[in-house]
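Asks: Letter by letter, the chains look like this.
Number of protein chains: 2
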Amino acid sequence: MNSIITPTYAVHFNEKGYETLNKHLDKSNYSKIFILVDENTHNDCLPSFMGNIEGDYDFEIIEIEAGEINKNIGTCTQVWEVLSELDADRKSAMINLGGGVVTDLGGFVASCFKRGIDFINIPTTLLAMVDASVGGKTGVDLGPLKNQIGVINQPQMVVVVPEFLNTLNERQLQSGFAEMLKHGLIRDVKYWNTLKKVTSFDDISTLIYTSVSIKNAVVVQDPTEQHLRKILNYGHTLGHAVESYFLESQDHELLLHGEAIAVGMILEGYLSHKLTGLPKAELEDIKMTFLNRYKKVTFAKSDIDAILSLLKFDKKNSHGNINFVLLKGIGDPAIDVKVPSNLMLEAFEYYAE
Amino acid sequence: MNSIITPTYAVHFNEKGYETLNKHLDKSNYSKIFILVDENTHNDCLPSFMGNIEGDYDFEIIEIEAGEINKNIGTCTQVWEVLSELDADRKSAMINLGGGVVTDLGGFVASCFKRGIDFINIPTTLLAMVDASVGGKTGVDLGPLKNQIGVINQPQMVVVVPEFLNTLNERQLQSGFAEMLKHGLIRDVKYWNTLKKVTSFDDISTLIYTSVSIKNAVVVQDPTEQHLRKILNYGHTLGHAVESYFLESQDHELLLHGEAIAVGMILEGYLSHKLTGLPKAELEDIKMTFLNRYKKVTFAKSDIDAILSLLKFDKKNSHGNINFVLLKGIGDPAIDVKVPSNLMLEAFEYYAE
Numbered sequence: 006m007n008s009i010i011t012p013t014y015a016v017h018f019n020e021k022g023y024e025t026l027n028k029h030l031d032k033s034n035y036s037k038i039f040i041l042v043d044e045n046t047h048n049d050c051l052p053s054f055m056g057n058i059e060g061d062y063d064f065e066i067i068e069i070e071a072g073e074i075n076k077n078i079g080t081c082t083q084v085w086e087v088l089s090e091l092d093a094d095r096k097s098a099m100i101n102l103g104g105g106v107v108t109d110l111g112g113f114v115a116s117c118f119k120r121g122i123d124f125i126n127i128p129t130t131l132l133a134m135v136d137a138s139v140g141g142k143t144g145v146d147l148g149p150l151k152n153q154i155g156v157i158n159q160p161q162m163v164v165v166v167p168e169f170l171n172t173l174n175e176r177q178l179q180s181g182f183a184e185m186l187k188h189g190l191i192r193d194v195k196y197w198n199t200l201k202k203v204t205s206f207d208d209i210s211t212l213i214y215t216s217v218s219i220k221n222a223v224v225v226q227d228p229t230e231q232h233l234r235k236i237l238n239y240g241h242t243l244g245h246a247v248e249s250y251f252l253e254s255q256d257h258e259l260l261l262h263g264e265a266i267a268v269g270m271i272l273e274g275y276l277s278h279k280l281t282g283l284p285k286a287e288l289e290d291i292k293m294t295f296l297n298r299y300k301k302v303t304f305a306k307s308d309i310d311a312i313l314s315l316l317k318f319d320k321k322n323s324h325g326n327i328n329f330v331l332l333k334g335i336g337d338p339a340i341d342v343k344v345p346s347n348l349m350l351e352a353f354e355y356y357a358e
Numbered sequence: 006m007n008s009i010i011t012p013t014y015a016v017h018f019n020e021k022g023y024e025t026l027n028k029h030l031d032k033s034n035y036s037k038i039f040i041l042v043d044e045n046t047h048n049d050c051l052p053s054f055m056g057n058i059e060g061d062y063d064f065e066i067i068e069i070e071a072g073e074i075n076k077n078i079g080t081c082t083q084v085w086e087v088l089s090e091l092d093a094d095r096k097s098a099m100i101n102l103g104g105g106v107v108t109d110l111g112g113f114v115a116s117c118f119k120r121g122i123d124f125i126n127i128p129t130t131l132l133a134m135v136d137a138s139v140g141g142k143t144g145v146d147l148g149p150l151k152n153q154i155g156v157i158n159q160p161q162m163v164v165v166v167p168e169f170l171n172t173l174n175e176r177q178l179q180s181g182f183a184e185m186l187k188h189g190l191i192r193d194v195k196y197w198n199t200l201k202k203v204t205s206f207d208d209i210s211t212l213i214y215t216s217v218s219i220k221n222a223v224v225v226q227d228p229t230e231q232h233l234r235k236i237l238n239y240g241h242t243l244g245h246a247v248e249s250y251f252l253e254s255q256d257h258e259l260l261l262h263g264e265a266i267a268v269g270m271i272l273e274g275y276l277s278h279k280l281t282g283l284p285k286a287e288l289e290d291i292k293m294t295f296l297n298r299y300k301k302v303t304f305a306k307s308d309i310d311a312i313l314s315l316l317k318f319d320k321k322n323s324h325g326n327i328n329f330v331l332l333k334g335i336g337d338p339a340i341d342v343k344v345p346s347n348l349m350l351e352a353f354e355y356y357a358e
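Same order as they appear, the protein sequences are chains A and B.
For any residue, its number in our numbering is found by taking its place in the first sequence, counting from 1, and adding 5.
For any residue, its number in our numbering is found by taking its place in the second sequence, counting from 1, and adding 5.
It is worth saying that the hints were derived from the structure and are not from the lab.
We put the beta carbon where it would ideally sit given N, CA and C, even for glycine.
Any given hint could turn out to be false.
25 Å max Cα-Cα, derived SDA-like pairs, lysine to any residue [what the hints assert, rightly or not]:
id: 1; chain 1: B; residue 1: K321; chain 2: A; residue 2: K300
id: 2; chain 1: A; residue 1: K96; chain 2: B; residue 2: L316
id: 3; chain 1: A; residue 1: K202; chain 2: A; residue 2: L316
id: 4; chain 1: A; residue 1: K96; chain 2: B; residue 2: I38
id: 5; chain 1: A; residue 1: K317; chain 2: B; residue 2: E90
id: 6; chain 1: B; residue 1: K301; chain 2: B; residue 2: S323
id: 7; chain 1: A; residue 1: K300; chain 2: A; residue 2: L316
id: 8; chain 1: B; residue 1: K96; chain 2: B; residue 2: G148
id: 9; chain 1: A; residue 1: K321; chain 2: B; residue 2: I38
id: 10; chain 1: A; residue 1: K96; chain 2: B; residue 2: K28
id: 11; chain 1: A; residue 1: K96; chain 2: B; residue 2: K96
id: 12; chain 1: A; residue 1: K28; chain 2: B; residue 2: S323
One side of the interface only, derived from the structure: several residues of chain A facing chain B at Cβ under 8 Å [said to hold, decoys possible]:
id: 13; residue: G60
id: 14; residue: D61
id: 15; residue: Y62
id: 16; residue: I66
id: 17; residue: L91
id: 18; residue: R120
id: 19; residue: D123
id: 20; residue: Q153
id: 21; residue: I154
id: 22; residue: G155
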């Protein structure tokens, strides 16, 4: 599988990935290499990863607690303090081995430590492989507000090793798959139709490659999200608000990121049908596809009010307007669409039908 | 006084500065403008600043506590939370009105909020005018370790209004003057000789202009400090360690930044004499010039040990080596010089003589 190489970063796959990583470490002469893991990837992925490293380096392992709830400035400060204690310097590097929490937080920690050290992402979840680890968005949450604090900064490289997916359960895989379905919705109706038929994740490597290619093609054209890159936020405006609300609420089961944006993609599908001409049949296709894969979530009226009140913190907003990415049709997005709030309530009714 | 314009940012002076700022605010259509101040600049500088703003904007004032001790991630988190509460979005901007703490911290806060919003620096201390506010180094301290966390990111513009210096006392002015003396030492022996003779700060505008020009000429050639920019750290390797130690210590009076690097420039002058050929007469000139302006600091043996142990956190270090900027002569620096620790002890003896 060929590497995907852009002007600012490259994504490598499988054996080729390890080969490129080994060459990079060999030539970079890092003073020290820090591997950031959580307790899961420490146990499940680190041994296999270390078995594929050829050189003899001064590695230090830094473990953080797993879970979105720990993706915050407090955890960053702990990691910065450990880096200082372990004598990290500007010529040190950080390898982020984990899911989106590890790659997002690790990328931010590295980007700010002594005003920036090199980092490398080794995503271990499907979600991180197709989304979080590529594109240079680093950051952490601020209370319930997702990714409010961060910078855009590219890793030295991303290495995708689909073998790590064997450490995940079905629910985690489905969560990542939601982002892949999004890639179809915003860019490629054929890819959407292919993905809909996927029933097993055993041969997913080629699809991961397609998803990373779609994301990269978008990011390269607009790295700092001035225009085109916004399309990657389809389903995320309402999806993030749903995710934030469930993360903070004591009474609700935690929703995985993909599960939340699956809800968001149905809701924003409805808005698309009403505002940007998404045909009814395509809306129904979107709803059925997601409800076949992801358990339907029940929202009380008070839940919906709380979720909508979180929308004002969305990063795409400006001048008090909430800007949505909607669809004119599957594969054909529209950016910066303003949505009246009564339509959002209707969207939740449509979802519940 | 002409503006200093570089490819990535510009520094404007006096009335021309306000004029350019007013034009910038007029054309930028910011959704909201946040002015970051501390309690001092809130009282002493904000009224005059607001009097010079022509348009009618949606301003919000955010006040932080004054002092280096508050330049930390905790304060950043407070400001980020206030920005969120006050509905800041990606099209909002931040004006940092204050000394180095406000411009360093404010620049970092803005650079990370929703992955980066515009910011403008209005330095109100001599130190911030000639050093902190220009060059794009943003950041905060991590415990006693100065500027460990930050990013390099340029403001939209810097506006230098020397009138704000009237709000400072003699000691604060002298602190900023130490950085100007450093500009002479690393780049221009004539400028050094001019500065030595300065006895009043009444007509300092032209000298500020020269200092900003020297700093900018260096930064433009090497914005991310790979080589040339390191010369700006002359006096700062030991000076920062002295400053950090006095900041944390309960038993010592607080040293201002310029006072600490004045000590550092004498100490590193001694190292320069021993290692890079700084002539004895020039070393004596440096020592006398600084001791004439800055009160001599007394260091116990235990102080010196603690200060030297902080050196390992210096950002210029790599691979366990402490890298110094030294002088071959006044105006002629050498970078990446390794220094044996016994020489550092001798340097403190020379300082105490």
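Asks: Look at each hint and say if it fits the structure.
Replies: Taking the hints in turn, this is what the structure says about them:
Simply put, B/K321 and A/K300 have alpha-carbon atoms about 53 Å apart, too far for the 25 Å limit, and the pair is violated. Taking the CA atoms of A/K96 and B/L316, the gap is near 16 Å; set against the 25 Å cutoff, the hint holds. For the hint pairing A/K202 with A/L316, the CA-to-CA distance comes to about 33 Å; that exceeds 25 Å, so the pair is violated. For the hint linking A/K96 to B/I38, the alpha-carbon distance of about 37 Å lies beyond 25 Å, and the restraint is violated.
For the given pair, A/K317 sits about 10 Å from B/E90 by alpha-carbon distance, which is consistent with the 25 Å threshold. Between the alpha carbons of B/K301 and B/S323 the distance comes to roughly 32 Å, so the proposed pair goes past 25 Å and is violated. The suggested pairing of A/K300 with A/L316 holds, with an alpha-carbon distance near 23 Å, which does not exceed 25 Å. Of the pairs offered as hints, the one joining B/K96 and B/G148 is violated, with about 32 Å between alpha carbons and a cut-off of 25 Å exceeded.
Between the alpha carbons of A/K321 and B/I38 the distance comes to roughly 17 Å, so the proposed pair stays at or under 25 Å and holds. Taken as a hint, the A/K96 and B/K28 pair is broken in the structure, with Cα atoms around 42 Å apart against an allowance of 25 Å. For the suggested pair A/K96 and B/K96, the alpha carbons sit about 35 Å apart, so the restraint of at most 25 Å is broken. Note on A/K28 and B/S323: the hinted pairing holds, with a Cα-Cα distance of about 21 Å set against a maximum of 25 Å.
A distance limit of 8 Å between C-beta atoms decides the matter here; for A/G60 the minimum to chain B is near 16 Å, and the interface restraint is violated. A hinted interface residue such as A/D61 counts as satisfied when its beta carbon comes closer than 8 Å to some beta carbon of chain B; here the least separation is about 16 Å, so the hint is violated. Checking A/Y62 against chain B: minimum C-beta separation of about 13 Å lies over 8 Å; hint violated. Hint on A/I66 is violated. Least Cβ distance to chain B is approximately 20 Å, over the 8 Å limit.
Against a cut-off of 8 Å between C-beta atoms, the interface hint on A/L91 is violated, since the closest Cβ of chain B lies about 11 Å away. Residue-level restraint check for A/R120 holds (minimum Cβ-Cβ distance to chain B is 5 Å; threshold 8 Å). With its C-beta approaching chain B no nearer than about 12 Å, A/D123 sits outside the 8 Å limit, and its interface hint is violated. Taking 8 Å as the C-beta cut-off, the interface hint given for A/Q153 holds, the closest approach to chain B being about 6 Å.
About 5 Å separates the beta-carbon of A/I154 from the nearest beta-carbon of chain B, less than 8 Å, and the hint is met. For A/G155, the interface hint holds, since its Cβ comes within 8 Å of a Cβ in chain B; the closest pair sits about 5 Å apart.
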